[in-house]
Amino acid sequence: MTSSLYRTPPAEVTADLSAVRARYDRLGADVATVRGAGVSDPAVSAAVAPLVFAEARWLDGHRWQDWLAWCDDDTMVWVPLDVTHPAAGDDQSLFLDDRRRLDERVWRFGDPFAWALVPGGTVVRSVTAVEAWPCPAESGGAPDEVLVSSSVTIQYVRLGSVWTTSGHQIHRLRARRLVHKILLLPALSAGTPHLGWLM
Amino acid sequence: MVDVTTLDDDPAAHIGALVTPDHVHRRLYTDPDIFAREMTHVFGGTWCYVGHESEVPAAGDFVRRSLGTRPVVLTRDGDGTFHVILNRCSHRGTLLVTEEKGCAQAFTCPYHGWRFGVDGRLRNVPVPSSYTDVHSGRFDIGSALVGVHRGFVFATLATDPVDLDEWLGLAMPWVDALIDRHPGGRLAVHRTPLRYEYRANWKVSWDNAADGIHATFAHRSYNLLGKTADTHTVLARNPAATPIVSRAFPRGHAVVDQRPSIPGGPWSTMRPMPTSNELVASLTDRGRAEPGVLDLATGSMINVSLFPNLLFVGNQLMVVEPLAVDRTRLSVYLVGAPGAPEEVDLLRLRVDEDFVSFGTPDDFDMFERIQQGLLIPEAEWIDTSRGAALDTDDPDAVGVVLGDVATEAPIRSYLSEWTRLMCRPSPTRQRLSRSAAGVPT
Chain E
154 MTSSLYRTPP
164 AEVTADLSAV
174 RARYDRLGAD
184 VATVRGAGVS
194 DPAVSAAVAP
204 LVFAEARWLD
214 GHRWQDWLAW
224 CDDDTMVWVP
234 LDVTHPAAGD
244 DQSLFLDDRR
254 RLDERVWRFG
264 DPFAWALVPG
274 GTVVRSVTAV
284 EAWPCPAESG
294 GAPDEVLVSS
304 SVTIQYVRLG
314 SVWTTSGHQI
324 HRLRARRLVH
334 KILLLPALSA
344 GTPHLGWLM
Chain F
66 MVDVTTLDDD
76 PAAHIGALVT
86 PDHVHRRLYT
96 DPDIFAREMT
106 HVFGGTWCYV
116 GHESEVPAAG
126 DFVRRSLGTR
136 PVVLTRDGDG
146 TFHVILNRCS
156 HRGTLLVTEE
166 KGCAQAFTCP
176 YHGWRFGVDG
186 RLRNVPVPSS
196 YTDVHSGRFD
206 IGSALVGVHR
216 GFVFATLATD
226 PVDLDEWLGL
236 AMPWVDALID
246 RHPGGRLAVH
256 RTPLRYEYRA
266 NWKVSWDNAA
276 DGIHATFAHR
286 SYNLLGKTAD
296 THTVLARNPA
306 ATPIVSRAFP
316 RGHAVVDQRP
326 SIPGGPWSTM
336 RPMPTSNELV
346 ASLTDRGRAE
356 PGVLDLATGS
366 MINVSLFPNL
376 LFVGNQLMVV
386 EPLAVDRTRL
396 SVYLVGAPGA
406 PEEVDLLRLR
416 VDEDFVSFGT
426 PDDFDMFERI
436 QQGLLIPEAE
446 WIDTSRGAAL
456 DTDDPDAVGV
466 VLGDVATEAP
476 IRSYLSEWTR
486 LMCRPSPTRQ
496 RLSRSAAGVP
506 T
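Top line first, the protein sequences correspond to chains E and F. My numbering puts the first sequence at residues 154 to 352. My numbering puts the second sequence at residues 66 to 506.
What the hints contain is simulated information worked out from the structure, not anything from laboratory work. A couple of the hints might just be wrong.
As the list claims (entries may be wrong) - Partial selection, computed: residues in chain F whose CB lies under 10 Å from chain E:
1) L259
2) Y263
3) I278
4) F282
5) H284
6) T293
7) T296
8) E418
9) D428
For glycine and all other residues, C-beta sits at the position ideal for the given N, C-alpha and C.
Construct the entire structure; sequences and hints are all you get.
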C-alpha cells in the first residue's frame with residue numbers, strides 16, 4: 154500500500170513503516186474478502202454469532218469494561234468514510250482506533266465535561282445476517298481466526314432527537330476475541346450528525 | 066423589537082439595524098428571509114472557496130460542490146482551466162451531474178439528452194432543428210467567475226467582484242505560510258471528506274472559528290485527555306495567561322495564531338496516536354524525525370478563516386455549507402503533504418481523526434445549544450463587544466486589528482463585511498461561456 158498522494162514511492166521503507174502498512178492493508182483486505190466470499194460456514198457462523206450479539210448488548214448497555222475485556226491489546230476499530238473503496242492508509246476515516254484510543258473513547262463516556270455526551274444518549278444496535286468464515290491463510294490469519302460479517306442498524310436517541318442508520322460490520326476474531334472491527338456506514342457520505350458516541 | 070418587514074425595502078436601514086459595533090440581533094441566526102438573502106448576497110456575492118486543484122488534477126476531472134445552496138460543479142478542461150458551472154441543464158433546469166466526482170469528456174442530461182462540455186458550452190441537442198439558434202451560446206450553462214490562488218479555487222457570482230488577490234488582501238501571506246510549510250509548497254486533498262451536519266445557523270461555526278477562549282471550556286474534555294497523556298495541549302492552558310494573538314482583517318477574514326502558546330512546537334501538543342509510535346520510529350530510523358518534520362504531521366497552530374466559507378484548522382480545510390437557516394454542513398477535507406515523508410501523511414490521517422472524535426462533537430453541542438437559546442424572542446441581542454477596549458491596530462498592517470485570546474474582534478470584523486454585502490443591491494449574475502445577444506444573464 155502506497156498512498157496515491159505520492160507520485161513516487163519512498164526511497165527507503167523501514168520495518169516499522171512496513172508493519173504499519175501491513176496492518177492497514179489487512180483491514181482493507183478483510184473488507185474485500187468478505188465482499189467476495191461465497192456462502193458462509195454454518196457451523197462457524199453459529200459459533201461466533203453470540204459474540205457479535207453480545208457485543209451489541211455490551212455497547213448498548215454501556216458495559217465498556219466487558220467490551221474492552223473482549224479486545225486484545227492490539228485490537229483496532231476502523232470506521233472508513235468511503236465504504237465503497239475503504240483505505241485506512243490512503244483516505245480519511247471517521248476513526249481508526251487502537252486500544253489506547255478505544256480506552257480514551259470509553260473514558261470520555263464517563264467524563265462530565267464531554268458536553269456532547271452529557272446527558273448521554275440511548276443506543277440500540279440491531280445485528281442481523283451474521284455470517285462467518287475461517288480466515289483464509291493468504292489473509293495472514295492464524296488457524297483460529299475467523300472473519301464475521303453482519304448487518305447492523307444503529308438508532309441513537311438523545312435530547313428528543315432520533316437518528317438511525319444501517320450498515321455492515323466485519324469482525325476478525327482470534328480465539329473468539331476481537332482482533333479488529335470494521336464498521337461500514339454508507340450514511341457517512343451523505344452527511345450525519347456528529348458521531349462522537351459511536352463505538 | 067426590531068421591525069424588519071421587507072429586507073429589500075431599504076436594506077441598509079433594516080439590515081444595518083441588526084448589527085451594531087458591539088451587538089448582533091438574533092434574527093441573523095433564526096430568520097429564513099435573512100438566510101435566503103445570504104444565499105445571494107454573501108454566498109455568491111463574494112468569493113467562496115470551491116475546491117483545490119489536487120481534487121481535479123486531469124482534464125475532464127470534476128467534483129460536485131455548492132455555492133451557498135446552489136449546486137455547482139468544479140471542472141478542469143483540456144487546457145487546465147478551472148470552471149465552476151451551475152449544476153443545471155440549460156433546457157429544463159434538471160440537475161445535470163449527480164456523481165460526487167469523476168472524469169468526463171462531457172455531461173449529458175438524462176432528461177432530453179442535451180450534451181455539454183466541461184466548460185459549460187452546449188455541444189449537442191437531439192433534434193436541433195427545433196431551434197433556429199441553438200448553438201448561438203444562449204443555451205450554454207451558466208457559470209461563476211473563477212479565481213485561483215496557488216491551487217485554491219474560488220468562485221463568485223458577484224456582478225462586480227474585486228480581484229481575488231484584493232479579496233484575500235492581508236490574509237494572503239497567512240494562507241501562503243500554510244501552503245509553504247508543505248515541502249515544495251505541494252498539497253494534496255484526500256478524496257473523501259468528512260461531512261458533519263449540525264442543527265444551527267452557519268454563522269455559529271464562523272463565530273466559533275476565531276474564538277480562542279472557548280477551547281479552554283468547551284473542549285475541557287479534550288484537554289483532560291491531553292493531561293492524561295502528559296501532554297499539555299494549547300487548549301488546556303489558562304486562558305488569561307495564554308498569549309494567543311487574534312488578527313481581524315478587512316473583508317471578514319481572521320487569523321488565530323496559537324504559536325506563542327506552544328514553545329515546544331505543534332508536535333509537543335499531540336498525544337500518542339494509533340500507529341504513531343511505529344511511524345515516529347520509522348522516521349527516526351531514516352534520520353527524518355527532526356522537529357520540523359514531526360510538526361508537519363499536525364497543524365501549524367495558525368487557524369485562518371476566509372469569510373464566508375473556508376476555515377484552515379490543523380491540516381484540515383473546513384468548508385461551511387449552509388443548508389437552511391438552522392441547519393449547516395461542515396465538510397472537512399484533509400490535506401496531505403506529498404513532498405514530505407510518507408510517515409507524515411500516515412500520521413496526519415490519525416491526527417485528523419482525533420479532534421473530530423473528541424473535540425468537534427463538543428463544538429457541535431454548543432452550536433445546537435446556541436440555536437435553541439436564540440429562539441427566545443424576548444432576548445433579542447447577542448453581545449459581541451468582548452475585548453474591544455483592549456484591541457489595537459496592527460502597526461505592521463493597516464486595517465488589521467490585533468487582540469488577545471478572548472477578543473471578539475474577528476466576529477465584529479466578519480459581521481461588518483456581512484452587513485456590507487447584505488446591503489448591496491442585485492449582487493449576482495451568472496456568466497455564459499459565449500455572449501448571446503438578447504439573452505438574460
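Practice item. Taking the numbered hints from earlier one at a time, note which ones the structure violates and give those numbers from smallest to largest. Key: 3, 7
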